[in-house]
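Q: Quick note, the sequences are listed as chains E and X, same order.
Just so you know, the first sequence maps onto residues 0 to 246 in numbering that gives the first Met the number 0.
Just so you know, the second sequence maps onto residues 0 to 141 in numbering that gives the first Met the number 0.
FYI, nobody ran anything at the bench for these hints, they're computed from the structure.
Where is the CB? At the ideal position from N, CA and C, for every residue including glycine.
There could be a bad hint or two in this list.
As the list claims (entries may be wrong) - Covered, in the sense of this in silico footprint (three residues per stretch, anywhere, with C-beta under 8 angstroms from a C-beta of chain E), are these stretches of chain X:
1. 44-53
2. 86-96
To be verified - DEER-style ranges, computed between Cβ atoms:
3. 129(X) with 186(E): 49 to 59 angstroms
4. 41(X) with 133(E): 20 to 30 angstroms
5. 127(X) with 190(E): 34 to 44 angstroms
6. 121(X) with 215(E): 28 to 38 angstroms
7. 193(E) with 127(X): 53 to 63 angstroms
8. 46(X) with 8(E): 35 to 45 angstroms
9. 80(E) with 38(X): 37 to 47 angstroms
10. 92(E) with 38(X): 46 to 56 angstroms
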Amino acid sequence: MSFTQTSLQNVAKKQYLFKLKANIGASSALIIAQVSAILFSLIGGGMMGSSSDGLSISVSNFSGNVIIAFTMIWAFIIAFTLTTKTFRNTDFSFVSNRLSSQLANIAFILTFSVLGGISAMLCGVLLKVSVFFVLGSEDVLLEYVGLTQLLSGILVASSYIVLCAAAGYFMGTLIQLSKLFIIIIPAFIIGPIFLGQNNPIEMLFTAIVQFFAGEGSLLLFLLKVLLTITLLFISATLVSNRIKVRQ
Amino acid sequence: MIFSWVIILIIVFVAFSFMGKSFHPGRSIQTLRLHWILAVYVAILLLSVPVYSFIADEHFVHGETEMSGYMPIEMNGSDLQDEIKWTRISKEFTITQFLGRDSFDQFGRSMHMPGPGIFYLRIPADVEVIPNESLNIVIVDE
């Protein structure tokens, strides 16, 4: 019997700090993802053109959307890997319980998502500067992004990234509960491609995307994200309680 | 493209030049390398903000968007052989979502029906512009 008194908060904090140090390699994956996204974006997306009577017009669109999308994928994978056996076994190095481990994981995911959001928006700025220098200033139309817009962009990008991370964490936990989900989840995601247009699953995905992306009010959007990630994290915690120790 | 390669080369060069000098006992060299790479990456990202701010002050597009829809532009005198190229640097969907514009184009509508946009076109002074009711033309400067 130990005479050392400890609290849930202290244990979770220790685990969180340990996870931050142990998973510093995740940031190198983020750099690779974002640098690759910048290179992809430099090719130029959303090109459109027209030609009429000898006059041809072509418009190339550049934006940091690919960078944010890559960062979302990175967050999904990082959160997913946290639920794998290797990562879960590191928690046994501490005197802890499942709740403290879950709290540490959630804090880790939130921290990395915010870092991902900040770096993704700054990468967008770097892309704009790169395009400007590569293509020259003569035929470039630049939409001004002020500091307020940049900060709100960081807030919203972080929200989207944490949403993806929470979804990845929940899916990872489901797979740890039953290996059947390894088949069910990809089938649910890839299946609609083969079912043709206007199938119920595709409509459900569209409704989910519209629920977040179609929201015009920033406060309502943040509220929606907060409620969704809370629901996903609570569900993941409840599911993980059903997983056997060292399963 | 060249600029991005230069940035990557700078990141790699600076990270590798520092890592050999800063080894401390008890810290693995891999962690040290990563710390330096991270530091350089963050520095580049932070540096891009004032550079962008400087460029934007000089070149950003003033005013609101006025041209909508996808339409061919016809010019009087069909013998004009020319190619016009525009590059538009847009805001990310995370910003445009809250500005009353479409955020995600789920069905690729941008290919056929792009949202409102403004195009600045430099034309020679001797070219006559014939007004078209489907095209809102504003002459900024003559």
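Q: Taking the hints in turn, state whether each one holds.
A: Here's how the hints hold up against the structure:
no.: 1; hint: 44-53; in the structure: holds (count 6)
no.: 2; hint: 86-96; in the structure: holds (count 10)
no.: 3; hint: 129(X) with 186(E): 49 to 59 angstroms; in the structure: holds, 57 angstroms
no.: 4; hint: 41(X) with 133(E): 20 to 30 angstroms; in the structure: holds, 23 angstroms
no.: 5; hint: 127(X) with 190(E): 34 to 44 angstroms; in the structure: violated, 58 angstroms
no.: 6; hint: 121(X) with 215(E): 28 to 38 angstroms; in the structure: holds, 35 angstroms
no.: 7; hint: 193(E) with 127(X): 53 to 63 angstroms; in the structure: holds, 55 angstroms
no.: 8; hint: 46(X) with 8(E): 35 to 45 angstroms; in the structure: holds, 38 angstroms
no.: 9; hint: 80(E) with 38(X): 37 to 47 angstroms; in the structure: violated, 25 angstroms
no.: 10; hint: 92(E) with 38(X): 46 to 56 angstroms; in the structure: violated, 29 angstroms
Checked against the numbered hints above, the structure breaks hints 5, 9, 10 and satisfies the rest.
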